[in-house]
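If you read the protein sequences in the order shown, they are chains A and B.
Number 95 in my numbering belongs to position 86 of the first sequence; there are no gaps in the numbering.
Number 233 in my numbering belongs to position 227 of the second sequence; there are no gaps in the numbering.
Everything labelled a hint here was simulated from the structure, so no lab data went into it.
Take the hints with a grain of salt, since some may be wrong.
[What the hints assert, rightly or not] Over the 10 Å line for every Cβ pair with chain B, so calculated as not near, a few chain A residues:
| id | residue |
| --- | --- |
| 1 | Ile25 |
| 2 | Leu34 |
| 3 | Gln186 |
| 4 | Ala191 |
| 5 | Cys242 |
[What the hints assert, rightly or not] Residues on chain A that point at chain B, a partial pick, calculated with CB under 8 Å:
| id | residue |
| --- | --- |
| 6 | Gly105 |
| 7 | Glu106 |
| 8 | Leu194 |
| 9 | Leu260 |
Just so you know, these numbers come straight off a predicted model, no measurement behind them.
Cβ atoms here follow ideal geometry from the backbone N, Cα and C, with glycine treated the same way.
Given next are the chains, with one letter for each unit.
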Amino acid sequence: MATGTGYALDFERPLIELEKKIDELKALSTSGSVDFSSEISKLEKKAKKLQTEIFSDLSRWQVVQLARHSARPFFLDYVQHLFTDYFELSGDRRFGEDTSLIGGFARFDGKPVMVLGHQKGRTTKENMSRNFGMPRPEGYRKALRLMELAERFEKPIFTFVDTMGAYPGIGAEERGQAEAIAVNLEVMSRLKVPIISTVLGEGGSGGALAIGVGNRVLMMQNSIYSVISPEGCASILFRDASKASKAADALKLTAKDLLEMKVIDEVIQEPAGGAHRDPPKAAEALGKALRKHLGQLSGMSPDELVRDRYNKFRAFGVFSGR
Amino acid sequence: MAWFSKKPRIAVVPEPATEPPQPSRMQGLWAKCETCDEIIYRQELEKNWMVCPHCEHHHAWPARARLGALLDADSFEEFDKELEPQDPLGFSDSKKYKDRLKSSRKNLGENDAFISGVGRIDGHQVSVGCFVFEFMGGSMGSVVGEKVARVFERAHELKCPALVFSASGGARMQEGIFSLMQMAKTSAAIARFRTGNKPYVSVLLNPTTGGVAASFSWLGDVILAEPKALIGFAGPRVIEQTIRQKLPEGFQRSEFLLEHGMLDAIVHRKDMRAKLAQLLGLVG
Ligand SMILES: [Zn+2]
Numbered sequence: 010m011a012t013g014t015g016y017a018l019d020f021e022r023p024l025i026e027l028e029k030k031i032d033e034l035k036a037l038s039t040s041g042s043v044d045f046s047s048e049i050s051k052l053e054k055k056a057k058k059l060q061t062e063i064f065s066d067l068s069r070w071q072v073v074q075l076a077r078h079s080a081r082p083f084f085l086d087y088v089q090h091l092f093t094d095y096f097e098l099s100g101d102r103r104f105g106e107d108t109s110l111i112g113g114f115a116r117f118d119g120k121p122v123m124v125l126g127h128q129k130g131r132t133t134k135e136n137m138s139r140n141f142g143m144p145r146p147e148g149y150r151k152a153l154r155l156m157e158l159a160e161r162f163e164k165p166i167f168t169f170v171d172t173m174g175a176y177p178g179i180g181a182e183e184r185g186q187a188e189a190i191a192v193n194l195e196v197m198s199r200l201k202v203p204i205i206s207t208v209l210g211e212g213g214s215g216g217a218l219a220i221g222v223g224n225r226v227l228m229m230q231n232s233i234y235s236v237i238s239p240e241g242c243a244s245i246l247f248r249d250a251s252k253a254s255k256a257a258d259a260l261k262l263t264a265k266d267l268l269e270m271k272v273i274d275e276v277i278q279e280p281a282g283g284a285h286r287d288p289p290k291a292a293e294a295l296g297k298a299l300r301k302h303l304g305q306l307s308g309m310s311p312d313e314l315v316r317d318r319y320n321k322f323r324a325f326g327v328f329s330g331r
Numbered sequence: 007m008a009w010f011s012k013k014p015r016i017a018v019v020p021e022p023a024t025e026p027p028q029p030s031r032m033q034g035l036w037a038k039c040e041t042c043d044e045i046i047y048r049q050e051l052e053k054n055w056m057v058c059p060h061c062e063h064h065h066a067w068p069a070r071a072r073l074g075a076l077l078d079a080d081s082f083e084e085f086d087k088e089l090e091p092q093d094p095l096g097f098s099d100s101k102k103y104k105d106r107l108k109s110s111r112k113n114l115g116e117n118d119a120f121i122s123g124v125g126r127i128d129g130h131q132v133s134v135g136c137f138v139f140e141f142m143g144g145s146m147g148s149v150v151g152e153k154v155a156r157v158f159e160r161a162h163e164l165k166c167p168a169l170v171f172s173a174s175g176g177a178r179m180q181e182g183i184f185s186l187m188q189m190a191k192t193s194a195a196i197a198r199f200r201t202g203n204k205p206y207v208s209v210l211l212n213p214t215t216g217g218v219a220a221s222f223s224w225l226g227d228v229i230l231a232e233p234k235a236l237i238g239f240a241g242p243r244v245i246e247q248t249i250r251q252k253l254p255e256g257f258q259r260s261e262f263l264l265e266h267g268m269l270d271a272i273v274h275r276k277d278m279r280a281k282l283a284q285l286l287g288l289v290g
């Protein structure tokens, strides 16, 4: 099944071309008198085999590319699939509105919750208005406001991470980008409601973590989470941005890596070929995981939730000595 | 200032042979000020707390010398000195992370980029920590994050103020996601510390950027900075590449941040101890 967006990664291309050919033959079969059915089933078998070949052993750099795929479902796509009654709330009440980090009340399985996440654009125009999913301090302060609202009304919080990082700009620095992120980290650590954070695509450094301090941290199968982008790491440490693929390996930034290092709680399996090939199926898998973890957390008292989250983050780190 | 003429008390500052790899012009008997180009007798510069007597430029000041000069005589008791970094990712770029650690350790006589413990300022007990910028750019990995978190836990336990001097390029890439998580860990420790009623004073030195700026460093109840320190989230080069324009003069310097409401005060090095003592007298 082709995605129809026209955009394909290099390593996806052979598969997509094959699928196009199958579609063409199907169209000919239905319109004409010639029967291509044996040809079609042969090609479909070939496509399936090719898909397994390509996606069973992706390199880390290929996962990075999938995580950034412009056809990948974004925050609002998942909201549409998994939540009802979404009521978006705007503004930080301090300076402005930031459409790269959005959220509001919604219902999950009929019950009111708070959802918030980074929102990327699919087209250049959308990306311009979403600032490529890179928040300024206003975005983080709005997120904080929303999370504090959720705490006041005793609603669980779902956060969805998908950003290259916090925006590096003059205004952002003037208005305290670092301070805004820091405050979120502190406040999130002590909120008295369940928080479940999921990395959907890119988990870019502090700008991602600023909404990522959850009782549970989940990652989609083809998402990444890293202290620095592979390009940034390559240009600093290898002095060559083109060595990004090497840097991706060194950083160990895939969902699989993070699960192995016990930094995250679960990897959510994506449909074959990646979430963008079947967004409803990806959403279904995510919904199932969210339901499970929320169920586990909803038995905990407010103090237990805070302690659980605190202990989780307090324990991170690898060193010797006591 | 009476205290100003006293010699640093914790004289564990390494001698030139084991000194941090500073610009060559800062080595030897004479130093050249990187701002005004004046040649200064090195001893004079050290006596002047590494502040240029001609232009007031605040040069890098080794952590132990700083703690020695700012804390009451013989009051510093170091903690967590034995914590040592590991290599959880098996990281290697042009050099192995393990080798980088080894050579930093050898050159500086420190296990990592942070020194912490308990001391006094004008009689006020403080749980204190200071970055060793010379150790891999003061980057924060697991050990730094752990020591920072413990500064706040110790302060909470002892019911005394916390004081941290930051000088760091940010999270340590070589420890990957573990470094990133130190931001959340240290900030969570502050949240717990703040259930008490003692202040956290954060002093920002040149430079304080990235994941260190965006976590505990900017969470001080009171935030001070040395003059002209570079402080911000993104590095100036990254910003320039992103917005494709030159940055304004003085951008991300202490004075710029004070003007934008992001700091409480800029404090000259010679006044730091007196200012800290005053503050601790008011809210310690
Ligand atoms: Zn000078």
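Status of the hints after comparison with the structure:
1. The Cβ of Ile25 of chain A sits about 32 Å from the closest Cβ of chain B, beyond the 10 Å cut-off, so the non-interface label holds.
2. Distance check on Leu34 of chain A: its Cβ is at least 46 Å (rounded) from any Cβ of chain B, clearing the 10 Å threshold; non-interface status holds.
3. A beta-carbon of chain B comes within 10 Å of the beta-carbon of Gln186 of chain A; the shortest separation is about 4 Å.
4. Under the 10 Å C-beta cut-off, the non-interface status given to Ala191 of chain A relative to chain B is violated; the minimum distance is some 4 Å.
5. Not every CB of chain B lies more than 10 Å from the CB of Cys242 of chain A, the least distance being 6 Å, so the non-interface label is violated.
6. A distance limit of 8 Å between C-beta atoms decides the matter here; for Gly105 of chain A the minimum to chain B is near 15 Å, and the interface restraint is violated.
7. Given hint, Glu106 of chain A at the interface with chain B, is violated; its Cβ is 20 Å from that chain's nearest Cβ, farther than 8 Å.
8. Restraint check, Leu194 of chain A versus chain B: the minimum CB separation of about 4 Å is within 8 Å; hint holds.
9. Contact between Leu260 of chain A and chain B, as hinted, is supported at the beta carbon level, the nearest pair being about 5 Å apart and thus within 8 Å.
The earlier numbered hints that this structure contradicts are 3, 4, 5, 6 and 7.
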